[in-house]
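If you read the protein sequences in the order shown, they are chains V and F.
If you use the numbering used here, the first sequence corresponds to residues 194 to 436, in order.
If you use the numbering used here, the second sequence corresponds to residues 390 to 723, in order.
Because the hints were derived from the structure by calculation, they are not lab data.
Misleading hints may appear alongside valid ones.
As the list claims (entries may be wrong) - Calculated pairs, DSS-like style, for lysine-lysine (alpha carbon to alpha carbon, straight line, at most 30 Å):
| hint | chain 1 | residue 1 | chain 2 | residue 2 |
| --- | --- | --- | --- | --- |
| 1 | V | LYS258 | F | LYS672 |
| 2 | F | LYS528 | V | LYS384 |
| 3 | F | LYS547 | V | LYS214 |
| 4 | F | LYS396 | V | LYS233 |
| 5 | F | LYS396 | F | LYS523 |
| 6 | F | LYS409 | V | LYS222 |
| 7 | V | LYS280 | F | LYS409 |
| 8 | F | LYS581 | V | LYS384 |
| 9 | F | LYS547 | F | LYS523 |
| 10 | F | LYS523 | V | LYS258 |
| 11 | V | LYS233 | V | LYS222 |
| 12 | V | LYS258 | F | LYS424 |
| 13 | V | LYS258 | F | LYS581 |
Note that the structure is predicted; figures quoted are calculated from it, not measured.
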Amino acid sequence: METRLINEQSLMIYFDNEITKDTYNKVNKLVQYIKEQNHKEIIDIVPSYRAILISFDNTSIDGTKLIENLELNQFNDSESNQLQQRKVVTIPVVYGEEFGPDLEEVASSNQLTTEEVIQIHTQQPYLIYMLGFMPGFPYLGGLDERIHTPRRSEPRVKIEAGSVGIANNQTGLYPLDSPGGWQIIGRTPLKVFDLDREPMTIYEAGDYIQFKAITQDEFEQIQADINAGNFELDKWVTYDNEY
Amino acid sequence: MSIKIIKPGLFTTVQDEGRKGYMNLGFSEAGALDKFSYLIAKHLIGNEGPSLEYTIVGPSIQFLSDNSFTITGGQFNAKLNGNPIQTQVIYEVHQGDILEIGNAIKGARGYITFGQPLDILKVANSYATHTRSKMGGFKGRALKKDDVIDTVSLPKYKKYVGQAAEINLNYEDNVIHIVKGPQIEAFSEEAKAKLVENEFIISDMSDRMGFRLKGESIPPEESADIISEPVALGSIQVPNDGNPIVLLNDKQTVGGYTKIATVTQLGLNKLVQLQPGEAVQFKWISIEDAINESATFNEQFEDELSNIQKQPLYELSMLRQTSKKLANLLKGDI
Numbered sequence: 194m195e196t197r198l199i200n201e202q203s204l205m206i207y208f209d210n211e212i213t214k215d216t217y218n219k220v221n222k223l224v225q226y227i228k229e230q231n232h233k234e235i236i237d238i239v240p241s242y243r244a245i246l247i248s249f250d251n252t253s254i255d256g257t258k259l260i261e262n263l264e265l266n267q268f269n270d271s272e273s274n275q276l277q278q279r280k281v282v283t284i285p286v287v288y289g290e291e292f293g294p295d296l297e298e299v300a301s302s303n304q305l306t307t308e309e310v311i312q313i314h315t316q317q318p319y320l321i322y323m324l325g326f327m328p329g330f331p332y333l334g335g336l337d338e339r340i341h342t343p344r345r346s347e348p349r350v351k352i353e354a355g356s357v358g359i360a361n362n363q364t365g366l367y368p369l370d371s372p373g374g375w376q377i378i379g380r381t382p383l384k385v386f387d388l389d390r391e392p393m394t395i396y397e398a399g400d401y402i403q404f405k406a407i408t409q410d411e412f413e414q415i416q417a418d419i420n421a422g423n424f425e426l427d428k429w430v431t432y433d434n435e436y
Numbered sequence: 390m391s392i393k394i395i396k397p398g399l400f401t402t403v404q405d406e407g408r409k410g411y412m413n414l415g416f417s418e419a420g421a422l423d424k425f426s427y428l429i430a431k432h433l434i435g436n437e438g439p440s441l442e443y444t445i446v447g448p449s450i451q452f453l454s455d456n457s458f459t460i461t462g463g464q465f466n467a468k469l470n471g472n473p474i475q476t477q478v479i480y481e482v483h484q485g486d487i488l489e490i491g492n493a494i495k496g497a498r499g500y501i502t503f504g505q506p507l508d509i510l511k512v513a514n515s516y517a518t519h520t521r522s523k524m525g526g527f528k529g530r531a532l533k534k535d536d537v538i539d540t541v542s543l544p545k546y547k548k549y550v551g552q553a554a555e556i557n558l559n560y561e562d563n564v565i566h567i568v569k570g571p572q573i574e575a576f577s578e579e580a581k582a583k584l585v586e587n588e589f590i591i592s593d594m595s596d597r598m599g600f601r602l603k604g605e606s607i608p609p610e611e612s613a614d615i616i617s618e619p620v621a622l623g624s625i626q627v628p629n630d631g632n633p634i635v636l637l638n639d640k641q642t643v644g645g646y647t648k649i650a651t652v653t654q655l656g657l658n659k660l661v662q663l664q665p666g667e668a669v670q671f672k673w674i675s676i677e678d679a680i681n682e683s684a685t686f687n688e689q690f691e692d693e694l695s696n697i698q699k700q701p702l703y704e705l706s707m708l709r710q711t712s713k714k715l716a717n718l719l720k721g722d723i
């Protein structure tokens, strides 16, 4: 672990220079450790693959003093192999057709059937390493190599909110309408991001996303429920234990 | 109760201190680029409303109802009903009055802040516009001709009319202090030296996301790609082409390029008052010096802000003709 002041109001804490669950677990644990200390001078704590940015109000505390107060030498990161509870958010997705116009492309460029792509994409939960790029956009790790696919040569002007895509070794989910070059393989009816809701996103960094294939009828039913004001986040969230 | 945009200016947006505490969800901070000028206005006007931030060419606004306002920041050719007006003074306006900000004379950005503030919905606890994600401010975008923005009724809006401040933010030179960036080790001694040996020119491609700089190429020794990580305000990112970019308030929250340095808080405030085509001279300082410099400034600035209310109210009719402020203007002070 290494701590650096980046300017008068930001500091970074770095772990090993790698993208692994192990390193990320340390990031996640340290974020919890710092949050529990409840420093009122801290404005933002932003986790990522291997680094944490902390921005603070430097009119109320000096950066070197804040680093002291964090008591990082008391932090024990060696317990990352212990049993941990994880939060898994299920994201129902209609794959293919107008919901996922690039599903065929992803299948053919990997010599797979579309059914195989769906089976592989939904086979295990993905860890959310961080949110960024746009509000609520999850950077997901662990996409199966068999469905890695390059970005589209011509980016789309508009990708619908809820679209699920693949870009090289990453998979992700557009929380809002956006232009973009990812291969779009499906779409969820869930409003994963809503400015008028608290919390605005239905997941946060450190949670897992499990995609689940649904039919178009189910999509419409879920959408109708949501529009009628019957969105219950709890229905889509499970907790399980992981070593 | 509203104002109408007669001319939008080059790039005018609703801003405040920025969206704080939501960066972990992927929200850009946005907010006023020249934070100190925004804070001066806020202290003068005495309400919680947002400001309009204008850029190089300011807007023309018609007041569709009685109001008061102050302008702060860079020096523009500003006029109220055709009469020149000054920064850091609160003016009263009546229905039909026209405020023309005009072109920048010195500096690049300024703020109009209203006694009966703009009626804007907060998004993630902030009024700030982030145009890239079309969020916050007025319809998530820069203002256009004929936009009509409602204002909130505040009965005491006339209370501080004539109140003035004379806070000089010292943008006299173009020396910008920088401290070591998170990937400083990725750069050669030569690149680190080049960054401060010659001036860099602010490119036309600069905006609220970042200032692109033209000058000597200072690429990292190996690849510019790093594992994506959160980026701090003022980071100087250098992609493989070797052209540095200073990341500003509308930046993405995470990025995957090497960062050689970070512009200090005071340096940033100076930098954002420079226009494309102008030169910057960077100077390395230690993080300890940066912290001390900021602390000294902040202490003095707080004092000056708290002094505002104690000053006698100016007679606006006299202020137009003479006054120390006008003399300062002629000397080129802000």
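Indices of hints not satisfied (ascending):
Of the numbered hints given earlier, those the structure breaks are 3, 4, 8, 9, 10, listed in rising order.
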